[in-house]
Amino acid sequence: MKLDPFYLIVDSAEWIARLVPLGVKLVQLRIKDMEEIALRAEISRAKSICASAGCTLVINDYWQLAIEEGCDFVHLGQEDLAEADLSAIRRAGLRLGLSTHDHSELATALDANPDYVALGPVYQTILKKMRWEPQGLERLAEWKQCVGPRPLVAIGGLNPERLAGVFRHGADSAAVVTDIICNADPEARTREWLEATAPWR
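Under the UniProt record's numbering, the first residue of the sequence shown carries the number 1, and numbering increases by one thereafter.
Because the hints were derived from the structure by calculation, they are not lab data.
Keep in mind the model is a prediction, meaning the values are calculated, not measured.
Be aware that one or more of the hints could be misleading.
When the alpha-carbon atoms are kept at most 20 Å apart in a straight line, the in silico DMTMM-like pairs for lysine to aspartate or glutamate are as follows [as the list claims (entries may be wrong)]:
#1 LYS144 with GLU195
#2 LYS144 with ASP102
#3 LYS2 with ASP115
#4 LYS144 with ASP185
#5 LYS32 with ASP4
#6 LYS47 with GLU69
#7 LYS25 with ASP80
#8 LYS25 with GLU14
#9 LYS32 with ASP80
#10 LYS47 with GLU36
#11 LYS32 with GLU14
#12 LYS32 with ASP11
#13 LYS2 with GLU68
#14 LYS47 with ASP4
#15 LYS25 with GLU133
#16 LYS32 with GLU83
#17 LYS25 with GLU195
#18 LYS47 with GLU79
#19 LYS47 with ASP11
#20 LYS25 with GLU36
#21 LYS25 with GLU35
#22 LYS144 with ASP111
#23 LYS32 with GLU79
Start from the sequences, fold in the hints, and give me the full structure.
This is the structure we're talking about:
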């Protein structure tokens, strides 16, 4: 499987409506703490927008809803992975991405045979408090050796200026959150990312 080199992560269908039509081909909907009815509505809207734009939609955490809503890709953190029914996910035909932060988590992830592995934070991130120090580019190269042919996603503190190093050290896709949604002009920044990742597309 090949992932688009630009992996946008946002927390609402509204962001997807704003940014996906600009040419985004891979987006994750990561919503925390929302009641189920509203969450289903967000997933349904995001799915419709992505289908129209030819964009792959990844649902974070909510694998049961992803199955019920007919989605085709889910991303799980390590805690979610421990509680997830991987057999149900596979039976539903969902592709699976998994987060990793250390060697133990990588081993756990590879045992689940995911469609991609994510490593983070590569650089210091302001997205959330992390108990892990920045992993750095050399760790990316090490992870690529471990994951083999499956795609490796880099996340954490990325910006267009850092992409060349990230891809040179083995990442197949670069995930971004705050560099876009916290930017004064998210649409313009998204276009910068699309242009910067074009050589690896």
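Hint by hint, here is what the structure shows:
Restraint check for LYS144 and GLU195: the C-alpha separation of about 24 Å exceeds 20 Å, so the hint is violated. Restraint check: the Cα-Cα separation between LYS144 and ASP102 comes to about 13 Å, which is no more than 20 Å; the hinted pair holds. Distance check on the hinted pair: LYS2 and ASP115 sit about 9 Å apart at the alpha-carbon level, within 20 Å; holds. Using a Cα cut-off of 20 Å, the hinted pair LYS144 and ASP185 is violated, with the two alpha carbons roughly 33 Å apart.
Simply put, LYS32 and ASP4 have alpha-carbon atoms about 25 Å apart, too far for the 20 Å limit, and the pair is violated. The straight-line distance between the Cα atoms of LYS47 and GLU69 is roughly 9 Å, inside the 20 Å bound, and the hint therefore holds. For the hint linking LYS25 to ASP80, the alpha-carbon distance of about 25 Å lies beyond 20 Å, and the restraint is violated. A C-alpha spacing of about 16 Å is found between LYS25 and GLU14, which places the hinted pair at or below 20 Å, so the restraint holds.
Using a Cα cut-off of 20 Å, the hinted pair LYS32 and ASP80 holds, with the two alpha carbons roughly 13 Å apart. Of the pairs offered as hints, the one joining LYS47 and GLU36 holds, with about 16 Å between alpha carbons and a cut-off of 20 Å not exceeded. Straight-line distance between C-alpha atoms of LYS32 and GLU14 comes to about 15 Å, which keeps the hinted pair within the 20 Å bound. At most 20 Å may separate the alpha-carbon atoms for a hinted pair to count; LYS32 and ASP11 meet this at roughly 8 Å.
Of the pairs offered as hints, the one joining LYS2 and GLU68 is violated, with about 25 Å between alpha carbons and a cut-off of 20 Å exceeded. As the CA atoms of LYS47 and ASP4 are separated by approximately 18 Å, the hinted pair is consistent with the 20 Å bound. With a CA separation close to 30 Å, the supplied pair LYS25 and GLU133 exceeds the 20 Å bound. Between LYS32 and GLU83 the CA atoms are separated by roughly 17 Å; this keeps the pair inside 20 Å, and the hint holds.
With a C-alpha separation of about 13 Å, the suggested pair LYS25 and GLU195 falls inside the 20 Å cut-off, and the hint holds. Restraint check: the Cα-Cα separation between LYS47 and GLU79 comes to about 25 Å, which exceeds 20 Å; the hinted pair is violated. As the CA atoms of LYS47 and ASP11 are separated by approximately 14 Å, the hinted pair is consistent with the 20 Å bound. Under the criterion of a C-alpha separation no larger than 20 Å, the hint pairing LYS25 with GLU36 is inconsistent with the structure, at around 26 Å.
Between LYS25 and GLU35 the alpha-carbon distance is near 28 Å, which puts this suggested pair outside the 20 Å criterion. Straight-line distance between C-alpha atoms of LYS144 and ASP111 comes to about 16 Å, which keeps the hinted pair within the 20 Å bound. With a C-alpha separation of about 14 Å, the suggested pair LYS32 and GLU79 falls inside the 20 Å cut-off, and the hint holds.
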